[in-house]
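**Student:** Sequence:
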Amino acid sequence: MPHIGVKLLQGKTEKQKKELAQALIKAAQEVIGFGDESYSISIEDFTFEEWKNNVYPNDIMGRKDILFKKPGYEM
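Going by this note's numbering, the letters in the sequence shown line up with residues 6 to 80, in that order.
Rather than coming from a laboratory, the hints here were simulated on the basis of the structure. Check before you lean on any hint, since a few could be wrong.
[Claimed, not checked] Only pairs whose alpha carbons sit at most 16 Å apart, straight line, appear in this in silico EDC-like list of lysine to aspartate or glutamate:
(1) K22 <-> D50
(2) K75 <-> D64
(3) K31 <-> E42
(4) K23 <-> D50
(5) K23 <-> E49
(6) K57 <-> E79
(7) K20 <-> E35
(8) K20 <-> D64
(9) K74 <-> D64
[Said to hold, decoys possible] Between beta-carbon pairs, the in silico distance windows are:
(10) K22 <-> I65: 16 to 24 Å
(11) G16 <-> P76: 29 to 37 Å
(12) L25 <-> E55: 29 to 37 Å
(13) I65 <-> M6: 23 to 31 Å
(14) M6 <-> R68: 30 to 38 Å
(15) D70 <-> T18: 30 to 38 Å
(16) F39 <-> G67: 26 to 34 Å
No residue lacks a Cβ here, since even glycine has one placed at the ideal position from N, Cα and C.
Use the sequences and the hints to build the structure in full.
**Tutor:** What follows is the structure, given as structure tokens:
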């Protein structure tokens, strides 16, 4: 039962988030299978300061053991 967690800078609309969730499910289904009912997706919004001070150092760079694609930026 895949769960996909997404962290975003604040400012995206609910419509954009719903479209992103559907696109992620579709892409995941093409690679690993499972039906729609098997997926759950959470989307968290963060300010730039929260991203810079918490998300980037702790959730991204601090979790290199599970990071499958590094960001192309540094903070």
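**Student:** Compare the structure with the hints numbered earlier in the document and write down the numbers of the violated ones, lowest to highest.
**Tutor:** 7, 8, 11, 12, 14
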